[in-house]
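Undergrad: Spelled out from the first residue to the last, the chains are:
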Amino acid sequence: MYTKGLKCRECGREYPKEPLYVCEYCFGPLEVNYDYSKIKKKLSKELIASRQKNLWRYRELLPIDGEPIAGLQSGFTPLVKANNLAKELGVKELYIKDDSVCHPTLSFKDRVVSVAISKSKEFGFDTVACASTGNLANSVASQAAQAKMNCFVFIPADLELGKVVASLIYAPKVVAVEGNYDEVNRLCTEIANKYKWAFVNINIRPYYAEGSKTYIYEIVEQLGWRAPDNIVVPVAGGSLISKIWKGLKELKMLGFIDEPNDTKGSTLELEHLRPSTKIYAAQAKGCSPVVTAIKENNEIIKPVKPKTIAKSLAIGNPADGYYAFKTVIESGGWAEDVTDEEIVEGIKLLARTEGIFTETAGGVTVAVTKKLIQQGRIKKDELTVISITGNGLKTQEAVSSKLDTIIKIKPNLNSFENEIKNIS
Amino acid sequence: MVKKKLVKKVVKLVFPQELIKEPVTFKMAKKYDIIPNIRRAKVTETTGELVLELEGEEKNIEKGIKYLIKLGVDVEPIEGDIVD
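Residue numbers (this note's numbering), protein chains in the order written: chain H, 5 to 428; chain D, 2 to 85.
You may find that some hints are simply not true.
Unchecked claim - In the BS3-like style, the derived pairs of lysine-lysine whose C-alpha atoms are separated by at most 27 Å in a straight line are:
1) K306(H) to K22(D)
2) K9(D) to K200(H)
3) K43(D) to K309(H)
4) K306(H) to K43(D)
5) K64(D) to K198(H)
6) K60(D) to K198(H)
7) K22(D) to K309(H)
8) K21(H) to K44(H)
9) K6(D) to K60(D)
10) K67(D) to K311(H)
11) K11(H) to K67(D)
12) K200(H) to K152(H)
Note that these hints are calculated values from the structure, not bench results.
Please model the entire structure based on the sequences and the hints provided.
TA: Below, the structure is given as structure tokens:
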């Protein structure tokens, strides 16, 4: 209804609405091409406000034609005003966009998978698949079960069983591939190209990735239709950060955010729009190809072999790395990386100050925010949002050995009071 | 004579600075009888990136890719890392 088809992000060639992901001419990635003039006529802040609090309240800006069949309770996660953390870091206004409580599998992936599953059904697929060691697998398995679709999850054979339980519980077919990371990667691409399945982050990727935009739509709406001055975003494949930028441009184009030097209404071409938000990329030092590219001002992303506890960000060859680079440069933001120790400290800091237990990717964004404030890149009087994209209950091993020990006592009051004296 | 089956494979090559001036793609193509078709290219001061379609015998393409890797070129699938 509101989508015209697909368009190559490199050469601009247009394609029909089909499960395609790469331009057959330049091999550039394809992206959903919207009919913005039609959207502009229909969508208003009032219409959005009248809808249910889930990610589909922005449905005109999402690539489905019919009714959504997944994610009807996904999205609209809390935007927490983090006063304690702000005080600790020495800034005035700090917010946490908390997707660690996203329905149904406690990560931001529930947004993209909701769109992918709805679109896959629309295309007539009966089977969805993904290759994942964590959050993506959990979400695909869960939402495929609810949508009554067959589901295949591919994992490297050496992955610990404990990591698969949160996917296995939904009874997908889990296929353990005996090979290294690159071999699993290559095989899955071959399978996606051969089988008529909806491989969410391969042939459905252009549609799937659009779900990420709802993260920033919600932030802006929850701030009273105000764009933040800064947002710190974790970078794995580079899709979320570039879609946040696209989402902001769309809101600016629609005139939903008022900004200085506003050009609202004057163009439907997102390429020419420059929202005022500065976007900051956050990665772990053990896997920081995008941060390196930004610091070296080199738009070619050099692939790396990941070595970090932040497994959900361990993408050495990010598919959208160049677009992540471009987003940060265009927005006037910056990028930083942090060590594994800083990541753990970031997780603990957020838990201690705001009562939120995030996974390692959240430790990365908190630690990077701290660094950016110390560097003076994020100013004390600006409004900053930290992206929290996953739940700490899933990666407890990352912090379990770095926490305070338990106080053991005998079952009597004396024993308790002796220990209490030692503590105080 | 049995006609050998040709296959096509798309790859992204990332060249380190020291290899930008070397005709490594040509050498690989000649050595392993591969037809390279350049679809996209980008060169900065320190790095080069090339999106290529390779056509040749499957085992030759495998050998050609190994040859490039040995020289220090990063050979990556255009889809990027999809194990997420």
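Undergrad: Which hint numbers does the structure go against, in order from smallest to largest?
TA: 11
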